[in-house]
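**Q** Protein chains in written order, with this note's numbering: chain G, 2 to 421; chain X, 2 to 421.
Hints are computed from structural coordinates only; laboratory data are not their basis.
What you are looking at is a predicted structure, and each value in this text was computed from that prediction instead of being measured.
Don't take every hint at face value.
No distinction is drawn between identical chains; accordingly, a pair holds when it is met within one copy or between any pair of copies.
What the hints assert, rightly or not - Here are the simulated DSBU-like pairs of lysine-lysine, each with C-alpha atoms no more than 30 Å apart in a straight line:
#1 LYS227 - LYS197
#2 LYS306 - LYS63
#3 LYS306 - LYS72
#4 LYS63 - LYS197
#5 LYS52 - LYS72
#6 LYS197 - LYS72
#7 LYS197 - LYS52
#8 LYS197 - LYS306
#9 LYS248 - LYS306
#10 LYS216 - LYS197
Number of protein chains: 2
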Amino acid sequence: MNANLETEILELARNAREASRATANLSFTQKQDWCFAAIDKLEASRTAILKANREDIDDAQKHGVAAPLLKRLELSDARWRDMIHGLRDIAAFPDPIGQVTGIRVRPNGLRVGQMRIPLGVIGIIYESRPNVTVDAAALCLKAGNAAILRGGSEAIRANRALAEALRTAAREVGIPEAAITLIPMTDRAAIDVLLKADSYIDLIIPRGGPELIRKVSQDSRIPVIKHDAGVCHLFLDASADLAMARKLVHNSKIRQMAYCNGLETLLVHRDAARRLLPQVLEDLREESVEIRGCTTTCEIFVHAKPATEADWAAEYLDRILAVRVVDSLDTAIAHIERYGSNHTDNIVTENYASAQTWIRRVNSSTVGVNCATGFSDGFQLGLGAEIGVSTSKLHAYGPMGLEGLTTLKFVLYGEGQIRE
Amino acid sequence: MNANLETEILELARNAREASRATANLSFTQKQDWCFAAIDKLEASRTAILKANREDIDDAQKHGVAAPLLKRLELSDARWRDMIHGLRDIAAFPDPIGQVTGIRVRPNGLRVGQMRIPLGVIGIIYESRPNVTVDAAALCLKAGNAAILRGGSEAIRANRALAEALRTAAREVGIPEAAITLIPMTDRAAIDVLLKADSYIDLIIPRGGPELIRKVSQDSRIPVIKHDAGVCHLFLDASADLAMARKLVHNSKIRQMAYCNGLETLLVHRDAARRLLPQVLEDLREESVEIRGCTTTCEIFVHAKPATEADWAAEYLDRILAVRVVDSLDTAIAHIERYGSNHTDNIVTENYASAQTWIRRVNSSTVGVNCATGFSDGFQLGLGAEIGVSTSKLHAYGPMGLEGLTTLKFVLYGEGQIRE
Numbered sequence: 002m003n004a005n006l007e008t009e010i011l012e013l014a015r016n017a018r019e020a021s022r023a024t025a026n027l028s029f030t031q032k033q034d035w036c037f038a039a040i041d042k043l044e045a046s047r048t049a050i051l052k053a054n055r056e057d058i059d060d061a062q063k064h065g066v067a068a069p070l071l072k073r074l075e076l077s078d079a080r081w082r083d084m085i086h087g088l089r090d091i092a093a094f095p096d097p098i099g100q101v102t103g104i105r106v107r108p109n110g111l112r113v114g115q116m117r118i119p120l121g122v123i124g125i126i127y128e129s130r131p132n133v134t135v136d137a138a139a140l141c142l143k144a145g146n147a148a149i150l151r152g153g154s155e156a157i158r159a160n161r162a163l164a165e166a167l168r169t170a171a172r173e174v175g176i177p178e179a180a181i182t183l184i185p186m187t188d189r190a191a192i193d194v195l196l197k198a199d200s201y202i203d204l205i206i207p208r209g210g211p212e213l214i215r216k217v218s219q220d221s222r223i224p225v226i227k228h229d230a231g232v233c234h235l236f237l238d239a240s241a242d243l244a245m246a247r248k249l250v251h252n253s254k255i256r257q258m259a260y261c262n263g264l265e266t267l268l269v270h271r272d273a274a275r276r277l278l279p280q281v282l283e284d285l286r287e288e289s290v291e292i293r294g295c296t297t298t299c300e301i302f303v304h305a306k307p308a309t310e311a312d313w314a315a316e317y318l319d320r321i322l323a324v325r326v327v328d329s330l331d332t333a334i335a336h337i338e339r340y341g342s343n344h345t346d347n348i349v350t351e352n353y354a355s356a357q358t359w360i361r362r363v364n365s366s367t368v369g370v371n372c373a374t375g376f377s378d379g380f381q382l383g384l385g386a387e388i389g390v391s392t393s394k395l396h397a398y399g400p401m402g403l404e405g406l407t408t409l410k411f412v413l414y415g416e417g418q419i420r421e
Numbered sequence: 002m003n004a005n006l007e008t009e010i011l012e013l014a015r016n017a018r019e020a021s022r023a024t025a026n027l028s029f030t031q032k033q034d035w036c037f038a039a040i041d042k043l044e045a046s047r048t049a050i051l052k053a054n055r056e057d058i059d060d061a062q063k064h065g066v067a068a069p070l071l072k073r074l075e076l077s078d079a080r081w082r083d084m085i086h087g088l089r090d091i092a093a094f095p096d097p098i099g100q101v102t103g104i105r106v107r108p109n110g111l112r113v114g115q116m117r118i119p120l121g122v123i124g125i126i127y128e129s130r131p132n133v134t135v136d137a138a139a140l141c142l143k144a145g146n147a148a149i150l151r152g153g154s155e156a157i158r159a160n161r162a163l164a165e166a167l168r169t170a171a172r173e174v175g176i177p178e179a180a181i182t183l184i185p186m187t188d189r190a191a192i193d194v195l196l197k198a199d200s201y202i203d204l205i206i207p208r209g210g211p212e213l214i215r216k217v218s219q220d221s222r223i224p225v226i227k228h229d230a231g232v233c234h235l236f237l238d239a240s241a242d243l244a245m246a247r248k249l250v251h252n253s254k255i256r257q258m259a260y261c262n263g264l265e266t267l268l269v270h271r272d273a274a275r276r277l278l279p280q281v282l283e284d285l286r287e288e289s290v291e292i293r294g295c296t297t298t299c300e301i302f303v304h305a306k307p308a309t310e311a312d313w314a315a316e317y318l319d320r321i322l323a324v325r326v327v328d329s330l331d332t333a334i335a336h337i338e339r340y341g342s343n344h345t346d347n348i349v350t351e352n353y354a355s356a357q358t359w360i361r362r363v364n365s366s367t368v369g370v371n372c373a374t375g376f377s378d379g380f381q382l383g384l385g386a387e388i389g390v391s392t393s394k395l396h397a398y399g400p401m402g403l404e405g406l407t408t409l410k411f412v413l414y415g416e417g418q419i420r421e
């Protein structure tokens with residue numbers, strides 16, 4: 002470990018912690034002003050930011066980086082627009098901080114409630130996509146936190162330019178610049194220093210591939226909220242309506258193949274398999290989806306290939322679907338407990354008891370009846386922009402919006418109460 | 002590391018994980034039946050349990066264990082009664098699991114809410130007090146979780162006897178015994194195995210001294226909710242009423258010296274110091290409390306000794322109080338930010354703006370106006386029995402009741418909605 006690197010990063014983290022005392026007390030208007038100032042600064046520096054982004058991409062190309070990664074690296078027009086829209090949405094969103102809920106009067110007259118407060122300093126460790134710099138900083142700040150941002154070294158020029166615009170906007174509206182701290186060192190050892198800075202950072206959110214997430218969760222001394230994988234299921238119950246089944250399977254698989262809330266395994270009740278599968282799977286075949294089925298599926302649908310054990314746990318993010326016929330709702334639930342990833346698992350049914358049992362017993366982070374899997378998303382659920390999707394149960398479970406970046410303290414309003 | 006030990010403990014943890022699938026679906030009545038059966042079994046085995054406890058104590062005495070620890074080890078009549086009452090309270094408490102809150106209708110008609118579900122498997126690592134075995138197991142089970150209990154080796158005989166009664170009760174009412182798993186190995190390496198069993202355990206709660214808590218937080222690969230220290234403050238504002246100040250300071254310091262919610266540092270506004278301190282501190286001197294004050298305090302109250310820097314951060318749990326005169330409410334808040342422990346910090350004031358500023362800006366886990374510090378306690382806040390007091394902000398902050406042992410999943414009720 003380079004001692005200088007460590008000292009410099011800890012100094013940055015300490016400054017962010019100091020800034021978080023100020024961000025905790027920002028008013029709605031101050032945060033809104035920052036969002037609008039940030040939009041102005043970003044638009045004013047657009048040419049310079051895109052030039053930096055172009056240099057990152059050229060560099061990555063020279064180093065033989067693969068095409069999908071290059072695409073993620075690019076600040077396209079669409080991404081730029083989304084980034085600016087995101088800031089506008091966050092500006093308008095109600096302030097989560099300071100809300101008091103659940104006030105009750107205790108027998109001694111003491112009024113007890115809970116007030117929403119920021120977590121403090123959030124560390125975001127991410128890869129490639131430079132737009133995360135803006136999205137993450139804005140969400141953290143809106144929730145009253147300081148943000149420490151550590152993007153991928155391949156995006157460092159664009160990240161620096163973006164962060165500079167955000168910090169200039171902060172300075173202009175009287176927010177300490179350290180509230181938005183970009184770690185400028187591309188050395189991977191920088192991550193190790195951050196993960197041990199538990200006196201300055203309250204929460205680490207890794208956003209990136211499985212390797213990054215594994216590394217961060219294993220090495221961090223700071224709590225980590227992670228998003229592992231999206232092995233999402235639909236279960237077609239015995240009573241499922243054919244038209245609804247076709248519509249929901251097609252939409253869940255086809256809409257956005259590369260998103261974590263896409264369908265990966267279809268489960269079908271034995272009593273409905275022959276009625277539903279031929280048309281449901283033919284729809285997918287027309288979309289060039291490869292079907293990997295259990296023995297019964299392969300009997301019913303001749304174009305299916307035999308699935309292996311690995312298929313039940315696969316997050317394809319691609320034109321492949323695993324299909325299994327199960328004996329009962331219980332077997333479907335057991336399959337999900339064994340192979341699922343606590344992401345999104347929905348039932349298609351006309352039966353009241355099946356729907357209730359599913360909602361009660363499947364403990365994935367999003368559980369639905371008669372809807373596509375694509376709804377596990379901050380905007381779709383009404384949370385606003387999301388900082389990630391948590392598949393571990395502590396603190397936040399499922400799509401994580403502004404509230405996930407806050408906590409609740411107890412507030413006591415007394416008139417001289419003492420404990421007897 | 003002993004490979005056998007590791008294999009055996011992981012097997013126990015795997016069984017607890019398996020049992021947690023059953024405990025997640027227990028009804029209110031089944032959990033209530035278990036509580037009553039546990040009371041019966043404990044009462045029926047009382048003689049044997051107390052004999053085991055006596056052997057633990059004799060053994061500890063032989064090894065020269067100090068008197069306070071011996072006292073914590075003892076299952077006195079009062080502790081036994083509290084243990085049984087605790088089970089009765091938990092039996093009657095509403096079931097937290099399955100409650101759905103916040104249902105809202107999205108523009109597409111999808112109804113979205115959140116349902117409370119168990120965390121899964123909770124590991125409790127504790128010392129000395131054998132009654133924790135019963136309290137912790139009952140709280141975990143009531144919240145639908147399986148419990149893995151790892152008590153101190155000095156209490157192993159009593160813990161075994163207590164756990165046996167709880168498991169027999171489980172068997173009788175049809176709950177898998179592994180839902181209450183006591184780690185019978187007294188080897189300290191057992192803790193290391195547990196802390197790495199992140200595929201089987203969802204949350205670790207250490208209950209014990211600072212050394213245990215430090216070890217657990219540093220070594221755990223599983224999320225830890227910890228209770229660090231209780232450096233609690235009262236701030237007497239310029240407008241504080243003398244009678245109320247005397248009553249609240251006396252009660253906060255004297256009621257239970259050894260509890261984490263006792264008063265450790267008194268802050269006083271400069272404008273009120275001469276009016277309030279003489280009588281407030283004289284009350285404490287009559288209770289043999291040693292006063293360690295800042296320069297101004299020592300001028301005002303001749304019996305005060307000069308405080309050192311270390312006093313501002315001290316959790317005395319004893320007849321000592323640090324006292325500091327501050328220039329303003331802002332200075333009081335800055336003092337708490339620097340030296341406090343995020344436990345309980347209250348203001349005594351007659352002024353509306355001071356009260357509002359305090360509640361808004363002090364981000365300790367419990368923040369109060371005009372009440373004693375002793376109210377940060379599960380029962381006092383209306384949460385029921387508490388599993389601990391969290392002084393870190395993630396997931397649970399402050400006294401942690403049944404809800405802290407649960408999480409929320411999203412539930413979606415649709416009629417065929419797809420994402421456009």
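**Q** Taking the hints in turn, state whether each one holds.
**A** How the hints compare with the structure:
Within a single copy, LYS227 and LYS197 get their C-alpha atoms as close as 17 Å, and across copies as close as 17 Å, so both meet the 30 Å cut-off. For the homomeric pair LYS306 and LYS63, neither the shortest alpha-carbon distance inside one copy (40 Å) nor that between copies (70 Å) is at most 30 Å. Taking the shortest Cα distances, LYS306 and LYS72 never come within 30 Å of each other, neither inside one copy (32 Å) nor across copies (68 Å). When the C-alpha separation of LYS63 and LYS197 is checked against a cutoff of 30 Å, the pair qualifies neither within a copy, at 34 Å, nor between copies, at 42 Å.
In this assembly of identical chains, LYS52 and LYS72 lie within 30 Å of each other by CA distance solely inside one copy; the values are 16 Å within and 71 Å between copies. Within a single copy, LYS197 and LYS72 get their C-alpha atoms no closer than 32 Å, and across copies no closer than 38 Å, so neither meets the 30 Å cut-off. Taking the closest pair of Cα atoms, LYS197 and LYS52 never come within 30 Å of each other, the shortest separation being 35 Å inside a single copy and 46 Å across copies. Within a single copy, LYS197 and LYS306 get their C-alpha atoms no closer than 48 Å, and across copies no closer than 39 Å, so neither meets the 30 Å cut-off.
Within a single copy, LYS248 and LYS306 get their C-alpha atoms as close as 23 Å, which meets the 30 Å cut-off; across copies the closest is 78 Å, which misses it. Taking the shortest Cα distances, LYS216 and LYS197 sit within 30 Å of each other both inside one copy (13 Å) and across copies (15 Å).
Consistency note: the structure conflicts with the earlier hints numbered 2, 3, 4, 6, 7, 8.
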